[in-house]
Each structure stands twice: as structure tokens, then as C-alpha cells.
Amino acid sequence: MFQMTLLFNATLETIYMVFVSGVVAALIGLPWGVVLYTSRKGNILAHPLLYQVLAAVVNMTRSIPFIILMIAVIPITRVLVGSSIGTNAAIVPLSLCAMPFIARVVENALLEVDTGLIEAATAMGASVWQIVCKILIPEARPGIINGLTLTVVSLIGYSAMAGAVGGGGLGDLAIRYGYQRFDSKVMLMTIVVIIILVQAMQLFGDKLAKWYAHK
Amino acid sequence: MITLEHLYKNYMTSRGPITALRDINVQVNSGEIFGIIGKSGAGKSTLIRCVNLLEKPSSGNIIVAGQELTALSVAELRAARRKIGMIFQHFNLLSSRNVYDNIALPLELAGYTQKQMADTIMPLLELTHLTDKKTAYPAQLSGGQKQRVAIARALASKPQVLLSDEATSALDPETTLTILQLLKNIRDTLNLTILLITHEMSVIKSCCDRVAILQEGELIEENEVGEFFTHPKTDIAKNFITSSVLQHLPAAIERHLLALEQPDTHPILRLWFLQGTATQPIISEISQQFNLHINILQANVEYIKNHAMGIMMIALKGENLKIQPAIHYLKQRSVQVEVIGYVPNDIAV
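For the record, the sequence lines run as chains C and S.
Its first residue numbered 636, the first sequence is counted upward by one per residue in my numbering.
Its first residue numbered 2, the second sequence is counted upward by one per residue in my numbering.
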């Protein structure tokens with residue numbers, strides 16, 4: 636029973652970390668991806684320098700392994716949450732890690748939109764803002780949803796890693812009970828819960844993307 | 002309604018500058034369907050995209066409904082574009098919106114209320130025969146239906162001008178005809194001015210009032226459509242016309258065709274009935290006057306606007322002495338005669 640309570644709390648912590656960091660990352664990553672796309676050469680807000688800078692930041696951030704990023708940003712985490720340990724502290728590196736990933740995923744989803752649609756909208760007298768809101772994002776929605784699903788699934792994995800340095804959640808539980816106390820029952824249960832979480836997330840994402848695809 | 006003056010478009014490519022359009026001058030009158038025909042790569046798409054400035058011309062003036070478009074600010078240009086509808090080869094419908102919402106798009110952009118939208122869209126659905134497809138998504142529609150949605154969408158903001166960029170090129174011939182018929186209806190009921198580009202002579206033939214040929218970035222021949230078919234001025238125009246009424250000799254004759262006259266042969270002629278001659282019984286006249294046997298191998302008479310034009314291939318059999326006077330007579334009656342070759346008399350034609 637004690638184990639079940641532990642597992643339940645750890646699951647809630649994981650969901651909390653993934654949810655908050657996912658939302659924060661999406662809030663920054665979505666516009667970042669849109670700007671990446673629109674500032675591309677030959678695109679509606681073509682700005683080669685801006686594109687280069689944004690793309691370089693994406694590549695740099697994405698090349699740092701999460702376990703290193705997590706430790707490297709501790710000073711920032713301290714400033715933002717006041718502590719470098721715990722679930723809230725884990726949210727900072729998780730968000731930072733997911734942001735550029737979402738930006739790229741959104742950019743790629745937007746690149747899939749037929750440029751003929753942008754042309755048609757321009758011919759109708761649409762402004763750049765209208766093209767983004769009424770054409771690009773709705774048309775790329777299934778791709779964006781698939782990308783966000785992918786991000787959330789990755790975040791579930793990374794959140795377990797955050798557990799290794801006292802971040803709480805299922806990873807923390809697995810390491811403290813399953814690994815350090817040789818409690819293979821807890822270990823097994825955390826694995827099962829993580830698999831269920833990932834499966835549920837993927838299923839939900841697929842259904843949502845399909846709903847929006849209208850194919 | 003649409004005036005293009007001294008329009009030039011130059012591109013810079015890695016191999017140097019290319020002139021895509023050279024000194025284009027076009028005047029499309031109000032309520033007219035004006036067609037521009039040209040082969041691929043002639044610059045048709047660039048030309049029509051210049052009319053609403055999707056493509057910025059290098060120099061020249063574009064005047065639509067009395068407004069000089071090249072002089073407008075960004076916001077003014079957006080407003081002007083709302084009054085210029087456009088349809089495309091690949092329809093360019095939003096897959097995320099159903100038929101009704103696709104047609105609503107230009108109205109949303111212009112800030113209409115839901116009620117105003119419904120009042121505008123319902124008659125358009127009726128006009129384009131899409132009322133029962135209102136809630137269907139583009140993926141569920143046929144090509145012809147998609148283009149009808151695109152036409153309804155282009156008409157939603159009540160434009161005075163409609164641009165058609167190869168709108169029927171992705172459709173089968175039958176659907177093409179229904180779309181062209183729809184365009185004609187719209188022109189008649191809404192007094193719209195339509196500028197279309199195409200590579201198909203059949204499109205020009207079945208719906209245009211006037212036509213111009215675009216060849217390597219230059220407009221080389223412009224005429225009223227009936228005149229264009231009956232009095233083609235350039236060889237390129239003639240080629241377009243022949244290709245649209247393409248005729249081949251039967252294979253049996255083709256095989257025995259001789260370039261020069263020899264004993265015991267008879268001529269094969271191609272006759273062009275252009276200036277009003279297609280409606281006269283000229284063939285029967287020469288048959289009777291010169292006592293010749295005339296075998297019609299191929300014949301095609303087209304009625305374009307109020308003009309009839311015909312192309313015919315015939316074999317002339319009879320006394321050799323009477324054949325030359327018969328050809329002379331045909332020419333006198335303004336029939337254009339072209340001797341394709343000679344076929345031995347013993348070949349069954």
C-alpha cells in the first residue's frame with residue numbers, strides 16, 4: 636500500500652512536470668517556429684539574418700545533452716524558482732530543452748503547407764498576420780499536433796532523467812527504490828506506468844491530429 | 002477594366018538576366034473574357050500574376066478598375082486585391098476548412114459578420130451548384146467541384162475582375178467544359194471581366210471573346226476570337242488552330258503519298274474554309290463544274306461565335322487537265338488550298 640501511494644504521487648509529479656514544461660515550451664516554441672518559417676529566404680517575412688540567428692540558437696541548444704543542460708542551467712533555475720532541487724526546479728531545464736525542439740517541429744510542419752495557399756490568400760488581400768493565423772497554423776495543425784506529441788513523449792523520458800538529480804517523479808522513484816534499494820517491484824511498476832503514460836499520450840495525439848486532418 | 006502598359010519583367014538567374022515579359026500591352030474591356038494562350042514557359046503565369054502584383058513587374062503600369070496598382074501602398078494594395086478574384090490550376094483550397102468556410106475565407110479577411118457571410122455565401126453555393134456540398138471537406142470533392150468552390154471563393158468579395166491561372170488544366174475535358182460554361186454564366190450574370198491564361202486552344206474557342214498569343218514573353222497576335230480562327234495572321238496562330246482541329250491522313254494513304262505529281266496519280270488537298278466560305282456548297286460546285294470525283298478524307302467545321310471555319314482533306318480524282326482549273330476555282334472562291342501530295346490512282350482511297 637505504501638508503495639502504491641509512492642507510485643501514485645510520483646506519477647502525479649511526472650505529469651505535473653511534463654505538463655507545465657510542455658506548456659511553457661509550447662508558448663515560446665510555437666511563435667519561435669512560426670518566425671523561423673516566415674523569416675526563411677523567399678518567405679512572407681524573409682529576413683535571412685534573423686533566420687540564421689534563430690536557427691543557430693535552435694541547433695546549439697539541441698546539441699547539448701539534457702543531462703549536461705540540466706546542470707549547466709542551475710544558476711538560472713535558482714533565480715527563477717529559488718531552488719535547484721525538486722519538481723519545480725526540474726521544469727526549467729525541461730522547458731529549455733523542449734523549446735527549440737518544438738520550434739523546429741513547428742517549422743517543419745509549416746513547411747509542409749502548400750505555398751499555393753499562401754499565394755491564394757495574398758491574392759485575396761490577406762495580411763501577413765492573417766496568413767499565419769488563418770492559413771498556416773490551421774493547415775499545419777495535424778503536423779504541429781504530431782510534433783507536440785513527440786515532444787511530450789520525449790519530455791516524459793527527460794523528466795525521468797531529472798529524477799536522477801532530485802527532480803522527483805517516476806525517475807526519482809525508480810532510482811531511489813528500484814535501483815538503490817533493489818526493490819525490483821517498484822522498478823517494474825514505474826516502467827509500466829511510464830509505458831502507459833507514453834502510450835496514452837501517443838494515442839491521444841494521433842486521434843487529435845486525425846480529427847484535424849479532414850482526410 | 003484591366004490595362005497593362007509597357008510591362009517588363011526581368012529575372013536575375015545564376016546564368017544572367019532573363020526577360021520573362023517584354024513590352025506587354027493589353028487592354029481588357031469591361032465584361033469581356035480575354036484569353037492569353039501560349040506554350041509552357043512563354044511567361045503566361047508570370048503575366049497573370051503581375052496583374053494582382055503577386056509578381057512585381059520590373060517596369061510598366063498595371064491599371065485595374067481605374068486604379069494604378071504599382072503606385073499603391075501595402076494596405077491600399079491589400080484592399081485593391083480584394084476586388085480582384087483569382088482561381089488557380091491546383092485550386093488552392095484550405096484542407097482544414099469545409100466548402101462553406103473556404104468560401105468564407107476572403108470575407109473573414111475583410112471583417113464581415115457571420116450574418117453578412119451567410120447572406121453572401123448561400124447564393125454563391127447555389128450559383129456554383131454546391132449547396133449540397135456545403136459541409137464537405139476538399140478531400141471529399143472531385144476536381145471540378147474543387148474548382149467550383151474556388152470560383153465561389155473568388156466571387157465572395159464581389160470582385161469586378163477575375164483572373165484565371167490555367168484553371169482547367171488539371172481537369173478532364175468534360176469537366177473543363179462545365180467550368181468554362183460556369184465562367185461564361187458568371188460573366189453574363191455578374192458582368193465580370195475575366196482574364197484567363199491557358200495552353201489549350203479549346204478553352205479559347207469555347208469561352209473567350211478576345212485572344213492574344215504570348216510567345217517567349219511577347220504578345221504577338223491579338224484578335225477577336227472569331228477573327229482569330231478565320232483570319233490567323235501568324236504561323237504560330239495557325240499552328241495553334243491546326244493543333245486544336247488536328248487532322249491526320251488515313252495510314253493507307255500516308256504510306257503511298259508522293260511529294261511530286263507522276264503519271265496515274267491524283268492530288269490530296271487540305272482546304273481551309275475561313276472567310277465565310279465554310280457555309281457555301283463549294284465542294285459540290287467543283288464536283289459538278291469540272292466533273293471530278295471528290296473523296297472527303299477528313300472534315301471539320303467549327304462554329305466559333307458567329308463565324309464558321311472548316312478544315313478539310315480531300316482526294317481529287319478525274320481528268321488531269323481539269324484538276325488545275327478546279328484548284329484555281331477554289332482559290333478564286335477564297336478557299337486556301339494546300340497540296341499535301343499525290344497518291345497513285347490504284348490505291349483505294
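FYI, nobody ran anything at the bench for these hints, they're computed from the structure.
Worth double-checking, as some hints may not be accurate.
Example chain C residues on the side facing chain S (calculated, C-beta under 7 Å, incomplete) [stated by the list, open to error]:
| no. | residue |
| --- | --- |
| 1 | Gly-751 |
| 2 | Leu-752 |
| 3 | Ala-755 |
| 4 | Ala-758 |
| 5 | Met-759 |
| 6 | Ala-761 |
| 7 | Glu-774 |
| 8 | Gly-778 |
| 9 | Thr-784 |
| 10 | Ala-844 |
| 11 | His-849 |
| 12 | Lys-850 |
Remember, predicted model here, so these are calculated numbers, not experimental data.
Note that CB positions come from ideal geometry on N, CA and C, so glycine has one too.
Hints versus structure:
1. A distance limit of 7 Å between C-beta atoms decides the matter here; for C/Gly-751 the minimum to chain S is near 4 Å, and the interface restraint holds.
2. Annotation: C/Leu-752 was flagged as interfacial toward chain S, and the flag holds, the nearest CB pair being 5 Å apart, inside 7 Å.
3. For C/Ala-755, the interface hint holds, the least distance from its beta-carbon to any beta-carbon of chain S being 4 Å, beneath 7 Å.
4. Because the beta carbon of C/Ala-758 sits about 4 Å from the nearest beta carbon in chain S, less than 7 Å, this interface hint is met.
5. Hint status for C/Met-759 relative to chain S: holds, with the closest Cβ pair at about 4 Å, below 7 Å.
6. The closest approach between the C-beta of C/Ala-761 and any C-beta of chain S is roughly 5 Å, which is under the 7 Å cut-off, so the hint is satisfied.
7. Checking C/Glu-774 against chain S: minimum C-beta separation of about 5 Å stays under 7 Å; hint holds.
8. With its C-beta approaching chain S no nearer than about 11 Å, C/Gly-778 sits outside the 7 Å limit, and its interface hint is violated.
9. Interface restraint check for C/Thr-784: the shortest CB-CB distance to chain S comes to about 18 Å, outside 7 Å, so the restraint is violated.
10. With a least beta-carbon distance of about 12 Å to chain S, the hint placing C/Ala-844 at the interface is violated under the 7 Å criterion.
11. Because the smallest distance between the Cβ of C/His-849 and any Cβ of chain S comes to about 4 Å, under 7 Å, the interface hint for this residue holds.
12. For C/Lys-850, the suggested interface contact is upheld, since its CB lies about 5 Å from the closest CB of chain S, less than 7 Å.
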